[in-house]
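Residue numbers (our numbering), protein chains in the order written: chain P, 1 to 311; chain R, 1 to 292.
Calculated from the structure, these hints are not laboratory results.
From a predicted model like this one, the values you see are computed outputs, not experimental measurements.
Treat the hints with caution; some may be incorrect.
So these bits of chain P aren't anywhere near chain R, every CB distance computed over 10 Å [stated by the list, open to error]:
1. Asn62
2. Thr70
3. Asn89
4. Leu91
5. Asn175
6. Ser207
7. Thr218
8. Pro261
9. Arg305
Selected chain R positions facing chain P (in silico; Cβ < 8 Å) [what the hints assert, rightly or not]:
10. Leu58
11. Asn225
12. Tyr227
13. Ile282
Where is the CB? At the ideal position from N, CA and C, for every residue including glycine.
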Amino acid sequence: MTETVAAPGLSAGTALARPKVRRARIRGKWPVLVLFLPPALLLFTVFVILPMGEAAWYSFYNWNGYGLPTQWIGWKNYELIFRQGAFRNALVNNGLIILVSICIQVPLALWLATMVTKHIKGATFFRLIFFLPYVLADVAAGMIWRFVYDGEFGLVANIYHMMGLNAPFWLADKNAAFSAVLGVIVWKYFGFHMMLFIAGLQAIDKSVLEAADIDGATGWQKFRQVTLPLLGSTVRLSVFFAVIGSLQLFDMIMPLTGGGPSNSTQTLVTFLYSFGVMRMQVGFGSAVGVVLFVICVTLAFSYKRIFMKND
Amino acid sequence: MTDTATNPIDAAKAQTPGRSLRFGTKAYLYTCLIIFAAVVVIPLVTTALGGFKTLGDLRGNAFGLPSTWMVSNYADILFSQRYWLQMGNSLLIAGLTVFLTLAFAAMAAFTFAHVKFFGSQFLLNYFLIGLMFPAATAILPLFIRIRDLGLLDTYWGVVLPQVAFGLGMSILLFRNYFRSLPTELFDAAFVDGAGYLRFFWHISLPLSRPIIATVGIISFVGSWNSYILPLIMLNSESKYPWPLGIMVYRGEFSTDWQLILAFITLTILPTVIVFFAAQKHIIAGLTAGAVK
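Just chain P, same shape as in the assembly (with noise of 0.2 Å):
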């Protein structure tokens, strides 16, 4: 580890030497270079990229993490995740999120932004109400839901039972389950998207607008031909964290449903977790990380390239 960190510093001296006398002359630059960066190069090897490394080696092996791995079984820990119908379901749930994080929660997002911008009395405050469940830990949404979604005694049970009818459990059925959770999803992060726009909206040059005024514009017409053209990066960057946020989406999974009815609600990262931590298959669980972490650089990779080259 310490050889990496004095590699670089080593060559530095002679680099140095032409460009700047002046700077080469300041005290300390070895000591500075020598102290600062190798605790977080040391850390982020160790627990960050040794680590990756390692899902990528142990991937090939039949492990339960004792001893060393033996049992080299070459690419057979991805073929059974490919054949395995849960990891499907977490699959085409990851898109689901995705999905719906465009079509619904960016456009709500958007069209809340737009009205707490606007001039009236209390629009901070809508902003902190509807901030607030980004905030909340992702175990607590998922527990609150759990209550909401209850069929005894939740908010769901209580209205159908005011209306004299027996409630479902949404979150035991499998068709309802993944739904259900979408919803929570919504509710949770919407508020974060809407402060990314509050801020594009923020930095809409005013004069445009009173351009478009000026020529007569109406309301829709303003937001269709000049607020959203201008916004477009904040509509991308914002998609942008929807597409990372899926992927990592485990924390509400958990007490919400735990990946079940029968995998109806598994996400790659539950998925992960039941079937590599909870059965110590340390081989087929990095596999699972090992794809995971493919998928995120590759749709990180080419949504930067393709969307955000210019932003």
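Given the coordinates of chain P, work out where chain R should sit on it, guided by the hints.
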């Protein structure tokens, strides 16, 4: 890569100046806003109220005020050791995480911002790899590493990976901020014979309060709310932070919803209070990482 450190998102910022709106428009705006605010607030308020109810009351009257206020639901939790223990654990883990993240990230970012050395760009990019994937991808090898280091079931087993995974973003934020400080400061300090170390300690850090707050808030909230790392690294209940504690509590009192609701309310209460007390900083902090 616009610099949000100097230009944060501010919820309280004055609204768009403009002519006052027509009554109809206003009525429409308020109706929509109130409906959505209700959707956000009702689950939270009914949770807090539910903690005061009896189970039977909850079944028939989840929305209304409790018919009898069962203060004991809350009192029992507040006088129990487990609640304070979990809060203390969370606070300790978050405190250590914030301290180490700030120290390590600020130091590393300082070298990236000011010290010219071979491979500096390469090393910076190395740290930015950490932004691309969540801790979950490497969770099993991470578990094995922590186990082999003998840190399983210790606070450090949670803190160190949390710090490590926060470094990428934190270094990026610090570095951009350090670079935005006026260069005249350096020239003046260096002419006066200050070295890098003194410059860092006496000039960079004192000027960096806004970014320290931002990074501190991001890592504190992240650690306070984190679930998956403690779930995998900690075994003994006496070390559990509150998100794990809430799950255990629910496991124990599976259908006593009134108790679970009281417990949820008490665990999220600190977050809600701090959020409203310091909303400006928290919103700016949590969105700064996003708009980096």
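(request) Over 10 Å to the closest beta carbon of chain R is the bar; see if Asn62 (chain P) clears it. (result) The assertion about Asn62 (chain P) holds, with a minimum of 13 Å to chain R.
(request) Grab the minimum beta-carbon distance between Thr70 (chain P) and chain R and tell me whether it stays above 10 Å. (result) Check passes; 15 Å lies beyond 10 Å.
(message) Using the nearest Cβ pair, does Leu58 (chain R) come within less than 8 Å of chain P?
(response) Where the cut-off is 8 Å and the nearest Cβ of chain P is about 5 Å from Leu58 (chain R), the hint holds.
(request) Over 10 Å to the closest beta carbon of chain R is the bar; see if Asn89 (chain P) clears it. (result) 17 Å, holds
(request) Classify the label on Ser207 (chain P) as holds or violated, using whether its beta-carbon is more than 10 Å from each beta-carbon of chain R. (result) 12 Å, holds
(request) Beyond 10 Å from every chain R Cβ: check whether that's true for Pro261 (chain P). (result) Nearest chain R Cβ is 16 Å from Pro261 (chain P), so the label holds.
(request) Check the non-interface label on Leu91 (chain P): least C-beta distance to chain R beyond 10 Å or not. (result) Check passes; 15 Å lies beyond 10 Å.
(request) Evaluate the condition: distance from the CB of Asn175 (chain P) to the nearest CB of chain R exceeds 10 Å. (result) Answer for Asn175 (chain P): holds, closest chain R Cβ roughly 23 Å.
(message) Let's test the interface hint: is any C-beta of chain P closer than 8 Å to that of Asn225 (chain R)?
(response) Given a least distance of 4 Å, the restraint on Asn225 (chain R) holds.
(message) At 10 Å, judged by beta carbons, does Thr218 (chain P) keep clear of chain R as stated?
(response) 12 Å, holds
(message) Take the shortest C-beta to C-beta distance between Ile282 (chain R) and chain P; is it under 8 Å?
(response) 7 Å, holds
(message) Quick check for students: does the CB of Arg305 (chain P) sit more than 10 Å from each CB in chain R?
(response) 14 Å, holds
Checked against the numbered hints given earlier, the structure satisfies every one of them.
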